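K.L.:
Chain by chain, the residues run as shown.
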Amino acid sequence: MSPVRTLVTGAVVLAALLLQVVVAPHVAWHGVVPDLVLLVVVAVALARGPQPAMVLGFCAGLLVDLAPPAEHVAGRWAFALVVVGYLAGRLRPDVAPTALSTVATVAGCSFVGASLVALSGLLLGDPAGVGTGELMLAVLASVVWDVALTPLVLPPLLALLRRLEPGPA
Amino acid sequence: MTDLLPRSGGPDPASAPGPVRRPFRDLSAEGRGRAGGRWRRGRVPGSLLSRVERRERRWSAGPAPAAPASRSLLAALLLAAATVTTLDLSTDHGPVEAARGVVADVVGPLESGTAALVRPFTAIGDFFTSRSALRAQVAELQAENDALTDQLATADVDTRRLATYDALAAEADDLDRAVVAARVVGWGAAQTFTDTVTIDAGTEDGVSADDTVIAGDGLVGRVLTADSSTSTVVLITDADSTVGARVGSSGTLGFLTGRGEVSDGATLDLELVDSTEVPDRGETVLTWGSQDGAPYLSGIRIGRVTKVYSSLRDSSVRVEVEPSVDMTSLDVVGVIVPKGTDSARGLITGSSGSSDTSGSDG
Chain A
1 MSPVRTLVTG AVVLAALLLQ VVVAPHVAWH GVVPDLVLLV VVAVALARGP QPAMVLGFCA
61 GLLVDLAPPA EHVAGRWAFA LVVVGYLAGR LRPDVAPTAL STVATVAGCS FVGASLVALS
121 GLLLGDPAGV GTGELMLAVL ASVVWDVALT PLVLPPLLAL LRRLEPGPA
Chain B
1 MTDLLPRSGG PDPASAPGPV RRPFRDLSAE GRGRAGGRWR RGRVPGSLLS RVERRERRWS
61 AGPAPAAPAS RSLLAALLLA AATVTTLDLS TDHGPVEAAR GVVADVVGPL ESGTAALVRP
121 FTAIGDFFTS RSALRAQVAE LQAENDALTD QLATADVDTR RLATYDALAA EADDLDRAVV
181 AARVVGWGAA QTFTDTVTID AGTEDGVSAD DTVIAGDGLV GRVLTADSST STVVLITDAD
241 STVGARVGSS GTLGFLTGRG EVSDGATLDL ELVDSTEVPD RGETVLTWGS QDGAPYLSGI
301 RIGRVTKVYS SLRDSSVRVE VEPSVDMTSL DVVGVIVPKG TDSARGLITG SSGSSDTSGS
361 DG
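As given, the protein sequences belong to chains A and B, one line each in that order. For the first sequence, the residue numbers in our numbering are 1 to 169. For the second sequence, the residue numbers in our numbering are 1 to 362.
Rather than coming from a laboratory, the hints here were simulated on the basis of the structure. Since the model is a prediction, treat every value here as computed from it, not as a measurement. Backbone N, C-alpha and C fix where the C-beta goes; we use that ideal spot for every residue, glycine too. Be aware that a few hints might be false.
As the list claims (entries may be wrong) - Label pairs and their computed distance ranges (CB to CB): (1) B:G251 x A:T132: 36 to 46 Å; (2) B:D210 x A:H30: 21 to 31 Å; (3) B:E204 x A:G131: 37 to 47 Å.
Said to hold, decoys possible - Selected chain A positions facing chain B (in silico; Cβ < 7 Å): (4) L18; (5) Q51; (6) P68; (7) F79; (8) A138.
Please work from the sequences and hints to get the whole structure.
P.N.:
Structure (structure tokens):
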């Protein structure tokens, strides 16, 4: 990865995190906000394959885990986003880039990511005493959010990533 | 992009190994001019195809060939994530906490800046929502006013309540604290079920861990960690938050725990120490207070009792308390700090210049 690409990708992740933490809560549904960082990881996976996406997923997830006001056990989002990067990257070569397939990929990845975060919380007993019903609701709500935002977020992101791509060797 | 031009000796797309193996990629690959593109972009015959191509391009991910997914990298990264989790779980002030501090020092100011940037826009939404909310509030207040007028006419228990309030007020005055005003700039996602917010005041402003955080209406929570310019606050609605509480006129003691919900109408559960004392609906709940005023000072309004369930069979009482602060629309909050704290910004202090007796350091 060239330094410019790394820098731009890092900036995009940071911007996504800031939007997610500062702006999104103003439009949140019962406190559930869209996982913009997850969308960035999916976009990178679609553009560059699983390898860079997994690395990015780890770094971005760690950032989400550590940036204020995160207070949960660190590593949960990192774990989930690595899996998301892997999955989205694996799905990539098999689908034609149509709107429907991209949205389906996002929906699947968002479901897996949100579920992993929720399940790891349940396993670690992170916030104790959260019901499974609430968990399911939060997971579903975040999937709906991510799918709804896909048409707005993914095309510009993919265009940006395409631009950063070096010419075919 | 020279490879977009038609190549005379190029391989027939239909016989190229790639497109045959993955027929779905055929169209998009041609649209991008790879794998022996047949048409030059912009000269695609037929408007339908060009539209399809444009749509494809909109969602296409670019020509980078996907590197084969590496299982070992996946395993390594997952193990790394698990290691971070284990480290965080097993050590209290370990490397993860240090990393948290570093990230907070970098990202915190960015969050404050972003919040300041978007505030004019988010305020527009508040303007419209608050209009209807205010109308509802006026109606509610009118009803409450009527009820209170009634109560005033009939009440004879209020002398005791008044005495309690007086004592509490005196106590609050005695504490002799100052308030650091701060703005809420970041909210934790509900996906992780922790109700935490970032405020734009940190150790530079005199905030330290376990300080009490209030809003105009009452208790908000306590400072969990204070970094140089921002702090993380646990709201009382957090599932892990427990606040010692004292209920209105009777002075019954209990513990308030959150449920991890932030939505409108979030409630707290009150567990009474003495379950024979059953509070009434509508009674005010105040903080009990902890030693040295940390994490919670005593006598701060938390909310009021909305529901009381009592079971005669096992003589247990379940009480629900509605916080007086609307946690969904937090903006300006105050952090209570000892008077005379070094702060980069102005401290709000009470008007009374009473002599300092126990300026307990929080």
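K.L.:
With reference to the structure, classify each hint as holding or not holding.
P.N.:
Checked hints:
Evaluation of the 36 to 46 Å hint for G251 of chain B and T132 of chain A yields a pass: the beta carbon distance comes to about 38 Å. Under the hint 21 to 31 Å, the C-beta atoms of D210 of chain B and H30 of chain A, about 29 Å apart, fit the expected range. With their beta carbons about 40 Å apart, E204 of chain B and G131 of chain A fall inside the hinted range of 37 to 47 Å. Proximity of L18 of chain A to chain B holds as hinted, the smallest CB-CB distance being about 5 Å (cut-off 7 Å).
Nearest Cβ of chain B to the Cβ of Q51 of chain A: about 4 Å, under the 7 Å cut. The hint holds. Given the 7 Å rule on beta carbons, the hint for P68 of chain A holds: about 4 Å separates it from the nearest Cβ of chain B. With a cut of 7 Å, the hint placing F79 of chain A at the interface with chain B holds, because the nearest CB-to-CB distance is about 4 Å. The interface hint given for A138 of chain A holds, since its Cβ lies 5 Å from the closest Cβ of chain B, which is under the 7 Å cut-off.
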